[in-house]
Structure formats: structure tokens, C-alpha cells
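S.K.: The primary structure of each chain is shown beneath.
Number of protein chains: 2
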Amino acid sequence: MAHNNKGVVKRVEWRISVGDGSSERVGHSCMWAMTASLALKLYMFMKKAWEIGLNDPRKFIHCLKVGIALTCVSLFYYLKPLYDGVGGNAMWAVMTVIVVFENTAGATISKTINRICGTSLAGFLAFGVNWVARRAGNEFEPLIAGVSLFLLASAATFSRFIPTIKARFDYGALIFILTFSLISISGYRVEELMNMAQQRIFTIVIGTCLCIIVSLTICPIWAGQELHVLVTGNLDKLANSLRGCVTQYFSHSEASAISDDESNRKLLGYKCVLSSKATEDVMANLARWEPAHGCFNFRHPWKQYLKIAATMRNCASCIDALIGCINSENKAPDQIKKNMRSISLKVVTNCASLIRELALTMKNMTNSCKVDILIMEMNNAAQELSDLLKSYPKLVDPSESHNAQDTQIEVAAKIEIPVMEIIQVVTLASLLIEIVARVKCIVKAVEELSDLAKFKPAKSKQHAVENKFSPDQEKDEKTINKIQIVF
Amino acid sequence: MAHNNKGVVKRVEWRISVGDGSSERVGHSCMWAMTASLALKLYMFMKKAWEIGLNDPRKFIHCLKVGIALTCVSLFYYLKPLYDGVGGNAMWAVMTVIVVFENTAGATISKTINRICGTSLAGFLAFGVNWVARRAGNEFEPLIAGVSLFLLASAATFSRFIPTIKARFDYGALIFILTFSLISISGYRVEELMNMAQQRIFTIVIGTCLCIIVSLTICPIWAGQELHVLVTGNLDKLANSLRGCVTQYFSHSEASAISDDESNRKLLGYKCVLSSKATEDVMANLARWEPAHGCFNFRHPWKQYLKIAATMRNCASCIDALIGCINSENKAPDQIKKNMRSISLKVVTNCASLIRELALTMKNMTNSCKVDILIMEMNNAAQELSDLLKSYPKLVDPSESHNAQDTQIEVAAKIEIPVMEIIQVVTLASLLIEIVARVKCIVKAVEELSDLAKFKPAKSKQHAVENKFSPDQEKDEKTINKIQIVF
Chain A
1 MAHNNKGVVK
11 RVEWRISVGD
21 GSSERVGHSC
31 MWAMTASLAL
41 KLYMFMKKAW
51 EIGLNDPRKF
61 IHCLKVGIAL
71 TCVSLFYYLK
81 PLYDGVGGNA
91 MWAVMTVIVV
101 FENTAGATIS
111 KTINRICGTS
121 LAGFLAFGVN
131 WVARRAGNEF
141 EPLIAGVSLF
151 LLASAATFSR
161 FIPTIKARFD
171 YGALIFILTF
181 SLISISGYRV
191 EELMNMAQQR
201 IFTIVIGTCL
211 CIIVSLTICP
221 IWAGQELHVL
231 VTGNLDKLAN
241 SLRGCVTQYF
251 SHSEASAISD
261 DESNRKLLGY
271 KCVLSSKATE
281 DVMANLARWE
291 PAHGCFNFRH
301 PWKQYLKIAA
311 TMRNCASCID
321 ALIGCINSEN
331 KAPDQIKKNM
341 RSISLKVVTN
351 CASLIRELAL
361 TMKNMTNSCK
371 VDILIMEMNN
381 AAQELSDLLK
391 SYPKLVDPSE
401 SHNAQDTQIE
411 VAAKIEIPVM
421 EIIQVVTLAS
431 LLIEIVARVK
441 CIVKAVEELS
451 DLAKFKPAKS
461 KQHAVENKFS
471 PDQEKDEKTI
481 NKIQIVF
Chain B
1 MAHNNKGVVK
11 RVEWRISVGD
21 GSSERVGHSC
31 MWAMTASLAL
41 KLYMFMKKAW
51 EIGLNDPRKF
61 IHCLKVGIAL
71 TCVSLFYYLK
81 PLYDGVGGNA
91 MWAVMTVIVV
101 FENTAGATIS
111 KTINRICGTS
121 LAGFLAFGVN
131 WVARRAGNEF
141 EPLIAGVSLF
151 LLASAATFSR
161 FIPTIKARFD
171 YGALIFILTF
181 SLISISGYRV
191 EELMNMAQQR
201 IFTIVIGTCL
211 CIIVSLTICP
221 IWAGQELHVL
231 VTGNLDKLAN
241 SLRGCVTQYF
251 SHSEASAISD
261 DESNRKLLGY
271 KCVLSSKATE
281 DVMANLARWE
291 PAHGCFNFRH
301 PWKQYLKIAA
311 TMRNCASCID
321 ALIGCINSEN
331 KAPDQIKKNM
341 RSISLKVVTN
351 CASLIRELAL
361 TMKNMTNSCK
371 VDILIMEMNN
381 AAQELSDLLK
391 SYPKLVDPSE
401 SHNAQDTQIE
411 VAAKIEIPVM
421 EIIQVVTLAS
431 LLIEIVARVK
441 CIVKAVEELS
451 DLAKFKPAKS
461 KQHAVENKFS
471 PDQEKDEKTI
481 NKIQIVF
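In order, the protein sequences belong to chains A and B.
Residue numbering for the first sequence follows the UniProt record's numbering, beginning at 1 and increasing consecutively.
Residue numbering for the second sequence follows the UniProt record's numbering, beginning at 1 and increasing consecutively.
Next up, chain A with everything else stripped away, as it sits in the complex (with noise of 0.2 Å):
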């Protein structure tokens, strides 16, 4: 205590000392850190942003994009025949490719047809109400411009909030309000009415024209292949992570060191699953405007994406269930662990080799011959677990035989082995086996994309049901048989 107030006194007299002669040099030091403080931080986030660009580098190439449309469509000013040509509305045509020009294809042709289509059905309400209203005289002529255009107004507000318009026409309902209203306004004073349509239509078609051209043709980005890429991709994490979590658990005593970032990093990749809803509604409700592009076709059931991702979201609330009972209190045994880890793991690994395969499927649009073949190892690896936990004694120990007359010493193994013990366990069991019903659910909506989108038939499909015991699949019988001679 002494000692501390010792260090105050000393600070506050270094204080009134510094206070004393070099105020001035204490503020020049203050301006000099602050601005230190704040270059660092320009720093850090030029650093980051430039880190953004690193990591997916088609958003510098869109940054050029726009640079070029922009220039493309100023030189509509710059050249004086083209200036002639369509005068001070060329504003219109650069304004146009600012606010129609988006990152991905989808959304720059739907910004550009519900701009289109809204400042033509805007273009020609508003002169069918100005051509009315200077029928019905000068007094008239203000009230019906006025009370047309709060009723219009008002209506295509209130269409943007009913979800089929928000998702689609949002933008041209905006449009449409933005050019009703210039024109019933602009019709009241502007005499060359029809002239100055004429000329805003045709500037927007150039600038709706030239960001199409350049949006398609210099490095598209589809939002369509973006939706692809993010559910295949979604799928590959769930495949990681589930299989991530149970090995984690099982090999947890033994080799807990080895687990790093990586590998964290890959555990939570079922995170991405259950948080990129939004992101999915967003490119599926544009790649619909997309022409055919890569292996898709202009009508390819990009719905069906949402529903794959819907079962994906419902297999990974189950995941984040089990992460939660592996990291709960009730820690199993390690004995009980070791009885259920080969079982466990071959569920699991067949769970992810699964999905991989669906994801596969979906990369390459062609039937896969091996999913059945997996599908049915999966249930076969359910089954086994569903069989150990029917012989409950045999998680005990495995190596007890089954005399009858053997039953005391069984006996009193159960009881020394409260359920507390195994809860965990058969929790895991149990959501293992929940889990491989969530992924038929996804082989499912997989198998429905594949109706839907034709994909190719399996390539060795022939192959497949000739050699309909595989190897593999007969190293599996084998194991079957084995257990069950072990039960």
C-alpha cells in the first residue's frame, strides 16, 4: 500500500513537473500519437480490405468493370458528335450503369430488365394521366397530376412489401414510382414531352445495353455458379465437420495436442451451413434471371438448391446437438468409448463419404453409381449401432462370453455401470442415428435436383451393377457377419 502510494505521488510530481515547462512539447507529442494512432489504423484496414481482395480476387476484376462502363459510357460526353447526338440526357445513360451494374450477371439483368420494364409502364401511365388531365382544363390539371400521383405512388409502395414483387421487382417498383413521377411532374412544365421520353429512353438502353455487354462477356460472375459453388461447397463442410466432431471425441484422450486450428476451423464448418440462408435466397432469386451459362440451363431448378440446403441446415442443427452432448459434463468412460468408437467412426465416415458423393454429384451433374452403394453402407453402419446398444452388456466389455451360467458376473457389471455413465454415448448414438435420417433427406432433395436438372446418367453404371459386390462392399458383409458372430 505504502509502496503504491509512493508511485502516485511520483507520477502526479513527474506531472506538475512536465505541466511546469513543456506543455507545448506534450501537445505536439499528443498530435504526433494521434496521428500515429490514426495512420495505424488506416493501415489495418487497407491491409484488410486488401486482404478481402486477395481472397477472391474477381472483386478487383469488377471494380475494373465499372471503372470501364463508366469511362465507356463519359465518352457519350467527351465526343462531341455523340454529345450532338443525344445532349445533356447522356446523364441518364451514366446514371444508369451506376446504379444498374452489380457483382454478379444475375443481378445486373434483373436490375436492367425491372428498369426497363418500369420506366416504360411508368412512361406511359404518366402520359395517359397528363394527356387526361389537360383535357379536363387548367383548374383541373394540378388536382388530377396530384391525386394520380399519390394513388400510384402509394400502390406501388405498398406491391413492394408482398414478397413474389419484393423478391423480384423490387427495383422496378422503385422505378417505376421514380419515372412516374418525373414525367407527371416534369409533363406540367416541360413542353417537348415526348421528345425528352424519347431521348431518356434511348440513353437508358445504351447504358442498360453496355452494362449487360460488359457485366457478360469480361469475366462473368453467375450467380447461379455461385449458388452451386456455396451448396456443394456447404455440403463438403458438413462432411468435414461431422466427421470431424466424432473423431475429435473418440481420439480426444489420445492425441488431443494434434488438434489445431485447422482442424477447429473445419469442426465449425457446419456454422456455414446453418448461417448462409440469406445468402442462398439472394442467389437463387437472381440466377433465375440468368441465361444458360457453364453445364446450367436458363430454366434449371434453382429452387431446389433451397430446399437441399434446407435438409443441409436441419443435419447441422443435429450436428451442433452433438457437438453440444460431446462437450457436455457426463463424460462416458473410457472403456464404454472404446467399445463404441469403431462403430461410431464407421457411421460417421460413412455419413461424410456420402455427402462428399452428393457433393460430387452435384459438381460434375451426373448420377453417381456409388451412392446407393454408400446409402446402403450407412444403413448397414446405423444398424450395427442400433445392434450394439441392443447388447448394452457388451459395452461393458466386450469380451465376456455368453454362458448362462456366466449371467451373475454380466449382472454385476450392469450394475456397476449407473445409466449416468453411458448417457453420453447413447446420446451420441442417438443423434448419430437421427443424423444418418437427415441425410437421406439430403439424398433426397439431391436425387429430386437431379430429376429436375437431368443430370447424366452414372458413367460406369453398367459396371456398377455387375460388380454389385464391390470390394468394399465385401470387406462390409464380412464385418457384419463378424459382429454378429461377436453378438
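What the hints contain is simulated information worked out from the structure, not anything from laboratory work.
Possibly wrong hints are sitting among the right ones.
Where chains are identical, the list cannot tell them apart; a pair therefore holds if satisfied intra-copy or between any two copies.
[As the list claims (entries may be wrong)] For lysine-lysine, the following BS3-like pairs were computed, each having C-alpha atoms within a straight-line distance of at most 27 Å:
| id | residue 1 | residue 2 |
| --- | --- | --- |
| 1 | 277 | 266 |
| 2 | 166 | 41 |
| 3 | 337 | 277 |
| 4 | 41 | 303 |
| 5 | 307 | 48 |
| 6 | 166 | 48 |
| 7 | 59 | 277 |
| 8 | 331 | 444 |
| 9 | 307 | 271 |
| 10 | 390 | 338 |
| 11 | 277 | 41 |
| 12 | 41 | 370 |
| 13 | 47 | 440 |
We have chain A already, so just place chain B on it with the hints.
M.R.: Here is chain B on its own, set in the frame of chain A:
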């Protein structure tokens, strides 16, 4: 088959006879059918839209607000003195109102500030570049203007990819590009640039002020309030789901007929919790722009709501797994279910009460003295559940005596019940214990909010401390003692 053929022949004959005499009539009726179907679709659409409005009448009010703001701003055109003041630039006020006016106050303010900042910043930069370009001579003028446009537009576009900027200043970056392009391009042609810029900024300020006044004075919708209502509502939904699913499970055999649509809807409330992340993120981003309103200060800790929502989603994941386990194929025998019933129901009832109390705490922004008691009760119930599991044979028949002589009978009972039969109840219990742990995370997050937002102290805290052993708790203590005696 013969019958089938006859039918086909008949139909063909009928078609021929139709084709012979009355093709005109068929065409007529076909058109009529199409019109009717179109009218029906339109009617259904309008009905759906009307219902959307009825469900949330504020949507109607928002539409009226947009209409009012637009009509007000159009006065600039209709009334001559005002028109003479700002001239053709009044168009910018109209445009501002349409683009800036959003549903929530936060969104309107955010767009307003973005628009003004983006416009001003871009304006200053554009003038600077223009000044430099003019000094460089006629030859270099378009070159400098073009290169600066290309660079700044690319940089601003890239900034929109950076998450922190995207969340708050996305619209500002867009407006920056728009304004910079328009001024830098116009600057090359229009001589009275300063005058134009002045008028334009003046009209934009008028438009934004009008938006903010209308948005904040006529039935304002606050993003913060919406977020608050969403999160507290989701807490209630979570409590209902949790209680509903376990109650339904244990009463399934008795009164499955009672479970109607209403209860099913309640049961699926947790899905709302899982799927409302995107809305919450948007609302939290908008809420930070809003001034103090209702019982929220300007710097209310909106981010903490996102943390609470994250803990709620964790809990909802577990409920999802729980429902999966309840619907799984391994049904537990009625006897075991009966023994588990009261304690399981106690756990979920306590969890649900606690979650509802948390919702109430947040709604009233007042700490509740009940929370601590409810946490204790929940912990006690969870402990009882653990105790019940520890006394495994009791699951089978709690009336069995504990005499050493009866060991043989007890053993017989144990052998009769394989793990497969108790797997469902064990998983249920395990998941309930996990849910209790996750509910505690919600409690922690709400307590953090209470600290950050400085919730009012509990009204009857003194009273609660004095009566620490409340009747409820006493009852609870008695129950525990009773249970300890039974086992």
C-alpha cells in the same frame, strides 16, 4: 383395357363432332375460361396483398406517408414561386424523396446521411479534379477527368465489398460514384457548374428534410423497436416450442387428438428463431442510426440483441434435434415414459418460465428478481433429472424396494429392458440437460444487455431478498427432499 379403349374412342368422337360444328363456340368458351382464370388469379393476389396489409396496418400507413411526401415535394413544381426559386433542379428533390424514403426511421436516416455525405464528398473531390484538369490545358482535360473517374469509381466500388462499409455506407458509396461521375462529366460541358451544384444540394437537402420529418412524425416505425419486438417475441416462441414438444411427447398416447393446427404452429416457433438471423442483422444495423425513442437511448446496445439471438439459435438447434429424437423410430415403452414424465415436464416448464421471464425483463427493461429463483429451480429440476437417470432401475418401476434380498428381482427387471428401449428417453434427458446449459447462455447474454442498457433495478428486490425462501421455492425444496427420500 377394352373399357379404356372405348373411352378413348368416345372422346375422340366427341372431339371430332366438336371440331365439325362449333369450333367458334369452343374458342369463345376457351377465351372465357382463360379470362376467368386470370381474374381468379388477380383476385387471389389482391386478397393476399390485402391480408398482408391487414396483418400489419403500418404498411398501409407507410404507403400513405410516401404519397404525402411525394405530393408535398411536387408542390415545388406546381406552385410557381417555388418553381422559380429552384427551377428544373426540383427534380432532384423528388428523386431524393423516392429513393431515400424507407419503411423504418433508421433506414430513412441512414440513407439520408449517406446521401448527403456521399454527395458532398464527391462534389468537393469532383471540383478539385475539375480545377486541376482545367489548369492542365485542353489536351489533358478529358484524360485527367477520365483517369480520375476510372480510379475513384473503382476504389469506391471496391469499398462496397468491405463488410463494415457495406453494412453502414453502401448507399453512400453508390451516391459518391453517382455524384462524382455526374459532376466530373457535366463539368466538362456545363459552364455554370457552381450554381448548378448549389441548387442541386439545396434541393437534396429539402428532399431529405421532408423525408425525415414525414418519417419521424407520422406513425414512425423504429428499426430498434422492431428488433426489440422480434427478439422478445422469438424468446416467447422458443419457450412455447420447448414446452410444447415435450408436453406433446409425454401426452401423445393419451390425447393426440387435441393437438390441432394452433399447437402445431406453436411447436414450430423455434423455426422462426432459426430463420430470423438476416432480419435481425439488418435491423441492428439500421437501429444504430436512430435517435432516442420510446425507452431506448441513442446508443442503445443493439449489437447485444444479436448476441442474444445467437444464443437463442443455439438453443433452437437443440430443440430441433430434440424434436427429431421424439419423432424417431425407437419409441420408449409407456412405463418408462410415465416414470420420466413428471421430471421432464418440470425441467421444460422451468426452462420455459425462465425464458418467458427473460422476455418480460427485456420488454419492461426492468431487472426481475424472479430470474435468479427461476434459474435455481431450473438447475434443481435438471439435477433431479440427472438423479433419476442415475437410479436407472427406478426408470423401470419406482415402487421396487431397495432390499438386498430383492436384488435378483431388480436384476431380472434390468435384463428385460435393453438400452434400445431407453435410448429415446435417455437422449431426451441428455438433450434437456444440454438445453438447460444453453438457456443459461441466453440468461448470460440478457444479463449483459441489462448491464449495457442499464435496465431499471427489480422493483421488489428488497422484498425478494427478505423472502429468500419464497413459497414456490419452499415447495421446490420439499419436492427435492421427497425425491431424495423416494430414491
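S.K.: It remains to establish, for every hint, whether it holds in the given structure.
M.R.: Hints, one by one, checked against the model:
1. Proximity of residue 277 and residue 266 under a CA criterion of 27 Å is satisfied in both settings, with 19 Å inside one chain copy and 22 Å between copies.
2. When the C-alpha separation of residue 166 and residue 41 is checked against a cutoff of 27 Å, the pair qualifies only between copies, where the shortest distance is 18 Å, while the shortest distance within a copy is 39 Å.
3. Taking the closest pair of Cα atoms, residue 337 and residue 277 never come within 27 Å of each other, the shortest separation being 36 Å inside a single copy and 37 Å across copies.
4. In this assembly of identical chains, residue 41 and residue 303 lie within 27 Å of each other by CA distance solely across copies; the values are 22 Å between and 43 Å within a copy.
5. In the homo-oligomer, the alpha carbons of residue 307 and residue 48 lie at most 27 Å apart only across protomers (24 Å), although the nearest pairing inside one protomer, at 35 Å, exceeds that limit.
6. Only between protomers do residue 166 and residue 48 lie at most 27 Å apart by alpha-carbon distance; the minimum there is 14 Å, versus 34 Å within a single protomer.
7. When the C-alpha separation of residue 59 and residue 277 is checked against a cutoff of 27 Å, the pair qualifies both within a copy, at 22 Å, and between copies, at 26 Å.
8. Taking CA atoms no more than 27 Å apart as the test, residue 331 paired with residue 444 passes between copies only; the shortest distance there is 25 Å, against 35 Å inside one copy.
9. In this homomeric assembly, residue 307 and residue 271 come within 27 Å of each other (Cα to Cα) both inside a single copy, at 18 Å, and across copies, at 15 Å.
10. For the identical chains of this complex, residue 390 and residue 338 are neighbours both inside a copy (17 Å) and across copies (22 Å), given an alpha-carbon limit of 27 Å.
11. For a Cα distance limit of 27 Å, the shortest separation of residue 277 from residue 41 qualifies neither inside one copy, at 33 Å, nor across copies, at 30 Å.
12. Taking the shortest Cα distances, residue 41 and residue 370 never come within 27 Å of each other, neither inside one copy (53 Å) nor across copies (45 Å).
13. Taking the closest pair of Cα atoms, residue 47 and residue 440 never come within 27 Å of each other, the shortest separation being 44 Å inside a single copy and 39 Å across copies.
When each numbered hint is compared with the structure, violations occur for hints 3, 11, 12 and 13.
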